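Protein chains: 2
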Amino acid sequence: MPTFQNVRGMRDLLSEDAQVLTLVVAKARGVAELFGFSEVITPVVESYELLSAKSGEEIRQRMFTFKDLGDRTVALRPEFTASIARLITTSLKNEPKPLRLFSVGSVYRYDEPQRGRYREFWQSNFELMGSSQPEADAETILLTDSLMKAVGLQDYVFKLGHVGILRGILTQEKIDERTQNAILQKMDKKEYDAALDLVNSEKCKTILRELMKMKSSDIFKTAEAVRGLMKSEGYEKSMEAADNLIEILKLATEGGCKIEVVDPAFARGLEYYTGMIFEVYVPELEIALGGGGRYDRLIEAFGGEPTPAVGVAQGIDRIALAGQSQGSVAAPQARKRVVVIPVSPTLKGEATKIARMLRDEGVSSEFEIMGRKMAKALEDADRRKLDFAVIVGEREAKLGAVVLRNLAKREQEVVKMNEIVGKLKK
Amino acid sequence: MPTFQNVRGMRDLLSEDAQVLTLVVAKARGVAELFGFSEVITPVVESYELLSAKSGEEIRQRMFTFKDLGDRTVALRPEFTASIARLITTSLKNEPKPLRLFSVGSVYRYDEPQRGRYREFWQSNFELMGSSQPEADAETILLTDSLMKAVGLQDYVFKLGHVGILRGILTQEKIDERTQNAILQKMDKKEYDAALDLVNSEKCKTILRELMKMKSSDIFKTAEAVRGLMKSEGYEKSMEAADNLIEILKLATEGGCKIEVVDPAFARGLEYYTGMIFEVYVPELEIALGGGGRYDRLIEAFGGEPTPAVGVAQGIDRIALAGQSQGSVAAPQARKRVVVIPVSPTLKGEATKIARMLRDEGVSSEFEIMGRKMAKALEDADRRKLDFAVIVGEREAKLGAVVLRNLAKREQEVVKMNEIVGKLKK
Chain A
2 MPTFQNVRGM RDLLSEDAQV LTLVVAKARG VAELFGFSEV ITPVVESYEL LSAKSGEEIR
62 QRMFTFKDLG DRTVALRPEF TASIARLITT SLKNEPKPLR LFSVGSVYRY DEPQRGRYRE
122 FWQSNFELMG SSQPEADAET ILLTDSLMKA VGLQDYVFKL GHVGILRGIL TQEKIDERTQ
182 NAILQKMDKK EYDAALDLVN SEKCKTILRE LMKMKSSDIF KTAEAVRGLM KSEGYEKSME
242 AADNLIEILK LATEGGCKIE VVDPAFARGL EYYTGMIFEV YVPELEIALG GGGRYDRLIE
302 AFGGEPTPAV GVAQGIDRIA LAGQSQGSVA APQARKRVVV IPVSPTLKGE ATKIARMLRD
362 EGVSSEFEIM GRKMAKALED ADRRKLDFAV IVGEREAKLG AVVLRNLAKR EQEVVKMNEI
422 VGKLKK
Chain B
2 MPTFQNVRGM RDLLSEDAQV LTLVVAKARG VAELFGFSEV ITPVVESYEL LSAKSGEEIR
62 QRMFTFKDLG DRTVALRPEF TASIARLITT SLKNEPKPLR LFSVGSVYRY DEPQRGRYRE
122 FWQSNFELMG SSQPEADAET ILLTDSLMKA VGLQDYVFKL GHVGILRGIL TQEKIDERTQ
182 NAILQKMDKK EYDAALDLVN SEKCKTILRE LMKMKSSDIF KTAEAVRGLM KSEGYEKSME
242 AADNLIEILK LATEGGCKIE VVDPAFARGL EYYTGMIFEV YVPELEIALG GGGRYDRLIE
302 AFGGEPTPAV GVAQGIDRIA LAGQSQGSVA APQARKRVVV IPVSPTLKGE ATKIARMLRD
362 EGVSSEFEIM GRKMAKALED ADRRKLDFAV IVGEREAKLG AVVLRNLAKR EQEVVKMNEI
422 VGKLKK
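Listed in order, the protein sequences are those of chains A and B. To convert, count from 1 in the first sequence and add 1; that's our numbering. To convert, count from 1 in the second sequence and add 1; that's our numbering.
Hints in this document: simulated from the structure, not taken from any laboratory. Because the structure is a prediction, the values reported are computed rather than measured. It is possible that part of the hints are untrue.
Since the list can't tell identical chains apart, any single copy or any two copies may satisfy a pair.
Stated by the list, open to error - Straight line, CA to CA, 20 Å or less: simulated EDC-like cross-link-like pairs of lysine to aspartate or glutamate:
#1 K386 / E96
#2 K204 / D388
#3 K206 / E234
#4 K98 / D383
Chain A with its partners taken away, still in its complex shape (with noise of 0.2 Å):
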């Protein structure tokens, strides 16, 4: 019979690989305790039209959607912010705001793998809720950037937009917010001209193409002269977006995080930003390592009070390759492992007691299922690099001993049983 194999855009994760993606996790859940977020746990299937409802066209095609037993049209999540507004609106309705919300799980979505991207993949993910203030903004950024220095990422580069800039425009000039829509997506894929080709007016055109030039590594005179432009163009509301740019940005760089790149044509795949948006890249990655921004109609949207929220989540695996990459994370270093071997099998009642008390103690221990001789099972622990056998022996037994033999040294000696964790813990 022929193996199974995984199913196209489905990984494994093996030895090291597993142990640095459940590390990045415990990262992200200590950013999250450090900025004051409670977690919840929603789950993977969600109904289609809670998922669909807000999330964009590029994104609901990529949904693994499919009907329920019962006959329901479910989807897997292919993010967090729709499971975390379902619940603002229903169970945490009442809850006082702020509400901070850290989450952390699986994610799936139907795009062409590639290195760094899979069909299945991890997301940490903070939300703040009720906050319209730019401090809320900078604490999203803040708390990633906590991120990949608690993974210990080098030359990782933070690139600002806002849209609230580009649908300021767009509105002014009674661009109905489906084709906004359509255009933020395209500028999203950097396919401008196609943007560009579905915009009406002249002027309009004009303006966004001196937006896209505009990109650029000297922030706050990029973010100044934006503003500059919207003012002197007459966009209102786009010029308040650039000043609330400048202030994230302010508050973002005294907290201590650097960001390299404020682009004004930016924008993301999600439809329901409407502020500040974020991503973070490294050199080693094309793809980003995580991102976010405001998006203050949603919760309106999915029938629950008006409350302003800014969000964020990071790619844990992504995260994780590029660590591994810099070689800045490695699979934490394991507790000295030990193996206890039984001289006989009429010992085995005896080891499985020493290695109950060894564990007790803390001592990771694994026990001689093979039923090897002695020469046998010291060699297999002596290829897996193991650090110490505990070799239980009539002899030994009778007199409450057993033979500690240090692997590495090849050194052995008789223990009493009382001293075992002392000289293992040493």
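Assemble chain B onto chain A, guided by the hints.
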């Protein structure tokens, strides 16, 4: 617009519930380390062919099965063992045995929702590949016991059986494997009469009826009695199975785990079991907290080398629920919680810097992101029982200091910047 709801059977875990689940996951990971298991992460989405191959009709009918956009028939994993078997026959094919593999994550079954049973639930899963020795079986029991103890559970009950005893009889009576599976499924559901209806021989029916009455907490006596019956009736394979069960009972008992019940008519839903099977219960919940057993032919059936194997899965969310019912687990005590409040908007930047400094020192710090007046912000911090407020004022900032307010004691003092962390950590 109406709000969105959870899909039926899928739930959210909020605040304490989420923390306790995360805690139990950490405990399971700790047990894996103590027993020398390596973590592997496999996808939630697997091919239907893989997941349905040996899972049994019962589970097959309850899987979330669908076609992906590439027209592949896939399903959400209802358990971990099939995925691990896939690994053993592919990526890990050449790894020397024994292999000890740990996984933890969500699994999916379309069951009727009830207390402690949802359509998305969490399992920790341990598989021990390559050993046919009874000490390997004992390890799966002992590590489960270790997890129960780590969570502080009381009054839990281990029940053991041995599919080899039942299959030995049925095979000798020339009942084909398909019918055997159907009989064991009925016995699993305690539909004993329906099970007996599928048996064609009167002798066999009598023996099975006998076994169904032998369930007892006098575990060694019961196991010996089963052995005696098998011997006197001439069921050679079943007698060997009873011997094996006795060995496992001895080792698990000597390893410090109390086995409360031996039930020779015990069967489990998954049809791949070949030897010892077990489950663990608490009085508070009708459904098992965990269970497993030996499956010596699965790897071969999946196209791999013949590989004896034994495994166990624990229901993480059920263990969390049981722990909460018994009052043995609670969300970990949070670190001291601090809120940083700028006295006026012009001090937001300065306050951001101070929050950064605190977080860099590991102090969990919220930032006052609502732009509220001081009195309002403090009132909110009081309500949420935060420990300290770090108040950033104009005058103090010029002196390189802040006002540190102990919210419980309602006392405050001016503290130099470099002394804040010391004061907070005291």
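Right, here's what the structure says about each hint:
no., hint, result
1, K386 / E96, "between (53 Å within a copy, 15 Å between copies)"
2, K204 / D388, "neither (73 Å within a copy, 55 Å between copies)"
3, K206 / E234, "within (13 Å within a copy, 91 Å between copies)"
4, K98 / D383, "between (58 Å within a copy, 14 Å between copies)"
Violation of the numbered hints given earlier is confined to hint 2; every other hint is satisfied by the structure.
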